[in-house]
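One-letter residues, chain by chain:
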Amino acid sequence: MNQPAIKLDGVERSFGAVRALAGVSLDVGAGECIGLVGHNGAGKSTLMHILAGTLSPDKGRLSIGTSDLTGQWSIRVAKANGIRCVFQELSLCPNLTVAENVRVVHGPLKGFGWKKRASILALDKLSEIFPGHGIVADDAISDLPIGKRQMAEIARAFTVTDTPLRLVILDEPTSSLDAVTAEQLLSFVRRQVTNGTSVILISHLLGDVLGTCDRIIVMKDGKTVAERPTAEFDRHSLVAAMGTDVTQKKVVEAKARAAKSEHPIIIRAKPKTGVGEFTARKGEIIGLAGLAGHGQTRMLLQLYEKSGAQVEGAVAFIAGDRQSDGIFNLWSIASNITVRSLRAMLKWGLIEPNKEGVLADDWKSRMNIRTPNMDNNILTLSGGNQQKALFARALASEASIILMDDPMRGVDVGTKLEVYELIAKEAGTGRTFIWYTTEMDELHYCDRAIVFRNGSISAELSSGDISEEKILQASFAENFAA
Amino acid sequence: MIKKLSREPWVWSFIAALGVWLATIAYTGGQGAGEILTAALSFATFSIIVGLGQMMVITTGPGNVDLSIPATITLSGVVAMKVMDTDAHLLVPGIAAALAVSFLVGVFNFALIRLLRIPPIIATLSSSFLVLSTAISYGRGIRIKPPLLLDNFATARIFGIPFAAILVLILSIILSMIIKRTIYGRAVVAIGQNPRAAWLAGFNVNQTRFNTYVLSALLSGVCGILLSGFSGGAALNMGEEFLLASIAVVVIGGTSVAGGRASISGIWGAALFMYLLVTMLNTFGASAGVRLIMTGLIIIAVIVLAGGERQSR
Amino acid sequence: MNKSLLRALLPFISLAVVLGATFYVQPRTMSYFGLNLMLQYAVPIALATIAQMFVITVNDLDLSIGPFVGLVGCISATLLYTNPVLGTLALILCIVAYAAVGALIHTRNLPSIVVTLGLSFVWLGIAVLILPSPGGKAPEWLKTIMALKTPIIPFPIIAAIVIGVAVQLTLIYSSYGVIARGSGGNPRAMERAGWSMLRTKTMMFALAGFFGVLSGLSLLGLTTSADAHVADRYTLFSIAGVILGGGEFIGGRVSPLGAVVGALTLALAGSFLIFLKISPDWQIGAQGAILILVIALKAPLTDSEQRR
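Chains as they are written, first to last, in my numbering: chain A, 13 to 494; chain B, 6 to 318; chain C, 4 to 311.
So that you can see chain A by itself, here it is in the shape it has in the complex (with noise of 0.2 Å):
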């Protein structure tokens, strides 16, 4: 191997009680190519945002070429030795046009005639990794469609004014863009390594991993549980160096689900966003499968507002943000289960507070939620206790119906089996799920699963007919290639 562009060693990183990372080393030679994959909540955007500096590691050293630079670490000093990062969510200004926003990132573009300088640097990388994009300096970020803005950061990170270029991590880049776009961006990356800049991919398209990289990681838990050359991997050793564990599908009794097959149906639903319907029947735990964001988060609020969707029964919805969706930062533990159950606690319109204890109490030792007290704040509860605490404020409701949208992101593998347990058992007393999963492993648990794919049902597959090569498939259909 090269010599190492950029080298940790035993980095460590937790969050609250979360230990997101436990100690990983990492070596990335110049012109290499990694592939960076694992099982959501694995460590991987952890640490990648300790490699930008947006993040600084609990414990362990850093260190660029033969400098070690533990402890001085930063976004400046990151940004200083050409390391540069396409985070999953956007980190494009919506309000400045794609020119303005290669400035922002470029000390040097100043002074006289900057703008020009910019549109061409902007332009020339796009145009050297995606041609024929149609995208124009002048377009203000907001006025492009979600993949051109993908494709207009993607092109920022790759351009160079002052510091050359150690470093590009690309986190899920492929996931706004077509088929023939992602072929570009992964062609252009193997050019790219020849001339010596590195290259982490961290993509859940193994096919894409496979066919790029020189080297592939994979990480669990927040430790690397394989690395290996790219060609001592294949697609099923990959998958099972992941940890899923395909024989093991956790196969609801037959009984059971032909029982079910003849409960009358109760939701039907169309997408607003694109094609296909599907139906739920009383009972049912019906997974919504599928790239994140393609369209599967919208249908749980189109069945939440009744909304283009035949839905019998009240609905309650459970967040997979806890912070934007879910939970309200300035209550107790115990208003935030019983907001949804308030109706049924009222004599002469007022709410009735015993009630209300006696209800939280409840759903305290029912999901076993770990607290002293449950007047205590929410915050004071760990995330895998604060989303028990929203699965009891619906669960507790009269609600029918439950919505949930990827509610087990970020949460420990104990607190998952309990939950996993508790939603069996509702729907077995007819208690209807909706649960949008990015969570192969959640799938399994699934009477039937729905993938999608740009808005529209791509699949629908039966509980037998689950499995992680198929729900790819049906996710990428045109560019999928393994």
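There may be inaccurate statements among the hints.
Covered, in the sense of this in silico footprint (three residues per stretch, anywhere, with C-beta under 8 Å from a C-beta of chain B), are these stretches of chain A [as the list claims (entries may be wrong)]: (1) 324-334; (2) 361-368; (3) 481-487.
Hint data in this document are derived by calculation from the structure and do not stem from the laboratory. Backbone N, C-alpha and C fix where the C-beta goes; we use that ideal spot for every residue, glycine too.
Chains B and C: place on chain A using the hints.
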């Protein structure tokens, strides 16, 4: 207990009010201690009424504020005085008419915000211009005195405690019940913390905001009626000082400007504090300029001290 | 027609409509002197609007700009008149104070509305201390500038164009203007790119202070004597002007030229209503109605973009 109390943001406004009062009577040598309190309660009553409405609006989340309070006070006062026309028999129709126009102002405000999607700050400001013009045009000419009954009511005292203050105390207790124990109250507080989460938890966000803007307008209307009774008639500038006062008592009282946390007791403390502060500075012989500067610096100091807590959220 | 283009043109169309209506109602205003008279007070309003716009660029709001303009007038009519050096120093101090408030708001993560509300009392208090009752004298040079008789095009129009273009160049076309607007659009991305939000915010508030000073000076040049309360309404005018001019409260979307045009529209609307012989009772109300009308027009144009 004391430790727990000291963490409640509203406690500070009472401590500050007490401190200022003590400083004042220390200066006067104990003279007029009771009268000062009575006067403070009388005047504070009005900022408390509108403060309660403003508090509800601000609690529904960032960006929500009612700038039409002063104009609504004026319109309500003018309508009440003109309909009553100094005749005590027309007291009830007068009050009803004043509250009816206030209600319409609230509906109009919300219509601008919801239907025309104008940011609340601009919507309530623009509507306040229209409301004020209506008041000017309707109430033009001479100042009409309130019926004696209203005058007596607004200035009556029981053991030195203004009757209006007792009324507002009852109102405050009712409102605090509404906040804590009704669905509407929970909805206001939930929406203020996170409107999307509140919607997903089953609250009707638009209905709640509508109710809140109407409530604020109605409370301004009540203030307008009482104030005209108290000060011997309606005047076109009678609402002016309540624009800043309504916001200031809410903020100093410990209500979160970011929304989601209301403090009714804090409004009482803050309103008393604001009045007693002016009294103290007057007693000390401070000029109008010094009074203004002190008021401003105290508002800033309060928000800076409370701001640290906000961050830890 | 392209929605974003239409949105950018809206302030100019509004101004043209109000101007046309004024000419129609009172044809005599269609002259050098008529325009001069109608628009002279638009200059200080435009400057205050620009000040407000800098603050709105970084997602804050300044409720103290009106009293601040009043304070600058009071300082300039007294200290600057009697002692130019000390007066200049005092005005510089005002700008520094503004910058410090910006830094405070950022570092403590405070709601700018409340801080500037408190600040408005402070400015007013200082102004009243300096000048308890209206009075003082404007420095001669100020009066001369504001009474300038420019050839063909009246001075207020030239001044407005110069102000608008200069700020447009700084905030829209310069490379640092991009950083300022980006900080309103996506603060996290800006910090990830290595820019200090503290520096940007401090700078924006300092600029607001600077233009507030210019506004106060130009207003004093017109009124020739000062009054602490003279500009209280400027707070509202400036906010409305920015919004009329196509700006938005959050997201770093502002338009300096639009803001100046918005301020001109507001100033003209005042004159127009007088010429319309609307009863004085309804003057303010009509202003409110115009405000609602113009801002409501924006709603359908911004809608599609916010929903993406």
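A quick look at each hint next to the structure:
1. By the rule of at least three residues with a Cβ nearer than 8 Å to a Cβ of chain B, the coverage given for the region 324-334 of chain A holds, with 3 such residues.
2. Residue count for the region 361-368 of chain A with a Cβ under 8 Å from a Cβ of chain B: 4. That meets the three needed, and the coverage hint holds.
3. Beta-carbon proximity to chain B at under 8 Å applies to 0 residues in the region 481-487 of chain A; the threshold of 3 is not reached and the given coverage is violated.
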